[in-house]
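Novice: So the chains spell out like this:
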Amino acid sequence: MPEFGDGLGVVETRNVQLFDAKNPLVLTSGEQLDEVVVAYETYGTLNADRSNAIYICHALTGDAHAAGWHPGDRRPGWWDTMIGPGKAIDTDHWFVVCSNMLGGCQGTTGPSSINPATDQPWGLDFPLLDMADFVTVHRALCSHLGVTRLHAAVGGSLGGMQVLRWAIDHPADMDDAVVVAASSRLTAQNIAFSAVGREAIMLDENFHAGRFAELDTNPDVGLAIARMMAHITYNSEEGFQEKFGRDLQYGRSSRGFGVDFAVEGYLEHQGEVFLSRFDALSYLYLTRVMDYFDPFAAPDALDALRKDPVRFLVISFDSDWRFSTEHSRRIVRRLAAAHLPVSFRDIRAPWGHDSFLLTIDSYLATVKAFVESDHEFRYTAWERE
Amino acid sequence: MTNDTAGTTLPPAGPARSVHLREDLRVFARNIPGGSRVLDLGCGDGELLDWLIRRRSCTGTGVEREPGAVIAAIGRGVPLIELDIEHELDLFADDSYDAVVLSRTLQALLRPDLVLSAMRRIAPRIIVSMPNFGLWRHRLTLLSGHMPRSRDLPFSWYATPNLHHSTLIDLEPLFDAAGLGIVKRVPLTASGRPRALGQVGANLLASSAIYVLERVGDA
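Top to bottom, those sequences are chains H and W. Be aware that the first sequence starts at 1, since it is given in the numbering used here, and climbs by one per residue. Be aware that the second sequence starts at 1001, since it is given in the numbering used here, and climbs by one per residue.
Incorrect hints may have been included.
[Said to hold, decoys possible] Short derived list, chain H residues pointing at chain W, Cβ under 10 Å:
#1 72
#2 75
#3 304
#4 307
#5 337
#6 339
#7 343
#8 358
#9 359
#10 370
#11 372
#12 373
#13 382
[Unchecked claim] Pairwise CB distance ranges (calculated):
#14 1142/W <-> 362/H: 56 to 62 Å
#15 1204/W <-> 299/H: 54 to 60 Å
#16 50/H <-> 1160/W: 49 to 55 Å
#17 48/H <-> 1164/W: 37 to 43 Å
#18 1055/W <-> 307/H: 22 to 28 Å
#19 1117/W <-> 24/H: 54 to 60 Å
#20 1055/W <-> 243/H: 50 to 56 Å
#21 1155/W <-> 70/H: 34 to 40 Å
#22 1164/W <-> 299/H: 25 to 31 Å
#23 298/H <-> 1068/W: 48 to 54 Å
#24 1204/W <-> 361/H: 46 to 52 Å
These are computed hints drawn from the structure, not numbers from a lab. Backbone N, C-alpha and C define an ideal beta-carbon position, used for all residues, glycine too.
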């Protein structure tokens, strides 16, 4: 299928209901959801002893479509550079699972889904979520797919945070954890950026206290502004300069307040595209989960991991200022101090936070070497500490 | 892999097992008790740690920056942290390891004294190796008007990573200044084996030496 590139070809998103009124999802907060549908994709084949599964956790605005093509796509899945035959996560060898996360808006139950109690969209009545709630749903999907243990959990940015939470809470679930361009605790600056995005959404005149779907409208302006601002933080000064410089959008300046520079046109486009695929409420709920994430806070946080060590690979990018290298170093420092096997690389790349989605040879080679490395180590002295 | 070599045994499928250990690394390994937590600075492709983890029930971490070596170490399953030994050892907490190893690297550091102090903070036992500039052949080469080269000093003077050249007797006061006492000195031949003559004439006859050091005093 040459029109679909060298990867997985055409793939399909499937849906499964994992929780219902008889088997509700009990959240970290104690609240519960009586209906949870999850959208997911799988690539490759689960082997006979079910030992080759790798779970992919997506970032803030990602979805279940990690690799391959949907009919009509102009671009492949968001991590097609990482996942496919012969690639870093080689689907000829691994059985790869990726799901849309709880609270999302691309097939998995979230705040825009219908509340079965009212037959109206949840809106702001949807319960607040915690990183551990994403993991609970991921684990339920594993059970549904017959995956009893993961070879690895892999994620970038918010996806990396899910992997960290998962490994800390359920170390027996996996051999390896790959945490890319992530953080174990947001800084005030990180929170500030998300706060401005949320304010833009909530102050939009069409937000209507989160009931905009019922009223058949959408806080387009706020959501687009939130995306534009976030997008600036995902790139680097060098990346923007290289891509746009001070080029003008239409060749000559109109000297006004419209879209004059090429970078302005680009941001406007990013904001508009986002409206067609993302929900304002999901943006609020998911960014808030990141703000509150602090998995090393409890003094006994790493006790379970120390009894059943997971091998970690932590990767940062030197031009990432959204979650700088220092965020990754903090994770490494905490894991190493707990005597856990941890590998770390700070990859040279000029494209900022979004580097984790790009084709950077040293980065992809590192992930490949790690997930394919000898797993006897799982059963060496680390087990007996 | 072809199967046409009748009568020979092909290596087993799957990741290669590490059985060989470089001669000088054997000396390091012999001085690390089983079950130790080992930090190997400049670990290369992770050969020593791999051996210690598999054979001696050790745990540990390698530190390396050369890209090919980094991938090789990660690929053999050795935990590997990429960082700058001179400036970033603060990643490791006080007393977080039992032993810190630094093989053939001291002479390439800008400030070996500061790195030794950091190593002293991280673990009570330190093992380092260092080429011996005082080897008789080097002295002769210098007398002939040329800078010495040997198996342990293989570079031309303008393209060497080695910033410092020291004889063994000049090296030892550095350990003293860093608050490290010499537990053992193992002079090596050019092939990396311990010398049959041991300490006899070491400063003149050893190509390099391995030092086992331990903390002295409080500093």
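Novice: Hints broken by the structure, by number, lowest first?
Specialist: 1, 2, 3, 4, 8, 9, 14, 17, 21, 22, 23
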